[in-house]
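*Asks:* Sequence:
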Amino acid sequence: MSVKIGDVLPNAVLTYIPYNAQNPDACGLPQQLKTHEAFKGKKVVLFAVPGAFTPTCSEEHMPGYVEQVGELKSKGADIVACVASNDQFFTAKMLKRQAKKCEKDEKNELASMKKDIAKGNTEQARLRAENVIRKKNEGLNLMKLSSRVDAVASRVQTAVTMRQVTGAMTSVVRGLERNMKNMNLEQMSLVMDTFETQFENLDVQTGYMEGAIGGVTAQSMPQNEVDLLMRQVADESGLELKDGMQELPVPQEEVGEEALLNERLHRLRNAV
1 MSVKIGDVLP NAVLTYIPYN AQNPDACGLP QQLKTHEAFK GKKVVLFAVP GAFTPTCSEE
61 HMPGYVEQVG ELKSKGADIV ACVASNDQFF TAKMLKRQAK KCEKDEKNEL ASMKKDIAKG
121 NTEQARLRAE NVIRKKNEGL NLMKLSSRVD AVASRVQTAV TMRQVTGAMT SVVRGLERNM
181 KNMNLEQMSL VMDTFETQFE NLDVQTGYME GAIGGVTAQS MPQNEVDLLM RQVADESGLE
241 LKDGMQELPV PQEEVGEEAL LNERLHRLRN AV
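Per full-length UniProt numbering, the sequence shown starts with residue 1, numbered consecutively.
Treat the hints as calculated values from the structure; they're not laboratory data. Treat the hints with caution; some may be incorrect.
DSS-like mimics (lysine-lysine), calculated; alpha carbons at most 25 Å apart, straight line [claimed, not checked]:
id, residue 1, residue 2
1, K73, K43
2, K136, K115
3, K136, K101
4, K34, K73
5, K144, K93
6, K101, K115
7, K34, K93
8, K135, K100
9, K96, K107
10, K104, K93
11, K114, K135
12, K119, K107
13, K101, K114
14, K135, K119
15, K43, K75
16, K93, K135
Just the calculated beta-carbon pair ranges, DEER-fashion [unchecked claim]:
id, residue 1, residue 2, range
17, N108, A168, 49 to 57 Å
18, A12, L110, 37 to 45 Å
19, N108, T166, 45 to 53 Å
20, L202, L176, 19 to 27 Å
21, A77, E177, 38 to 46 Å
22, R267, S171, 20 to 28 Å
On a predicted model such as this, the values are computed, not experimentally measured, just so you know. Backbone N, C-alpha and C fix where the C-beta goes; we use that ideal spot for every residue, glycine too.
With these hints in hand, go ahead and build the complete structure from the sequences.
*Replies:* Here it is in structure tokens:
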């Protein structure tokens with residue numbers, strides 16, 4: 001997809017990390033920006049920067065950007081922004097789409113080959129068979145390449161995450177250094193307690209979200225339909241499926257643990 005001059009921007013949600021010019025090493029929390037809300041009715045100039053992560057739109061990373069902002073706004077631009085596209089992500093998605101197309105073509109060629117054999121068109125069937133093999137190998141190669149690109153994208157994202165964590169830890173270390181110089185043991189303890197509490201709160205929120213999503217998934221997926229599909233696939237494949245699937249015990253959450261989780265979540269909401 002490309003965006004040209006004069007086009008209406010498509011609805012999208014962009015994720016960005018605020019940049020602090022006074023403290024470049026400090027990484028802020030990721031923020032979300034909805035284009036259809038932020039850019040509605042405005043003239044926008046976008047600088048598209050390829051890459052899995054664009055640190056900032058500052059003079060340091062994009063020379064000339066700051067000077068051009070004023071000139072562009074003087075010519076009628078309401079917003080000037082830079083956007084980074086994750087090349088690895090989109091490349092992997094494209095390769096997967098091509099692999100699926102090869103799989104579809106393979107099935108079509110296989111069906112046509114069966115018809116040619118039934119009609120006695122041996123030569124035509126042989127050509128179809130070659131196409132089936134070629135499409136199958138092509139699809140496998142595309143999936144392998146997509147997997148490698150995914151691995152590269154994951155490594156890049158890991159590096160980005162580590163940079164953010166390093167920035168957060170840098171702030172903690174600086175706080176400890178200041179307190180150590182002052183020999184303020186009470187303040188040092190407070191900083192570490194706050195750091196530990198933030199991680200505990202994150203665990204509580206994550207656990208609550210996972211539990212909620214798991215509950216919705218279980219309720220929205222009828223068990224009888226799941227069992228029926230499993231039996232159909234097993235019959236078509238000539239496999240034996242163990243009976244009594246409906247009798248399998250459903251894991252129950254411990255009441256005490258759930259109550260403790262809800263209590264901690266309630267305290268977090270009151271503290272916000």
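*Asks:* Going back to the hint list, which numbers does this structure go against?
*Replies:* Hint check: nothing fails, all pass.
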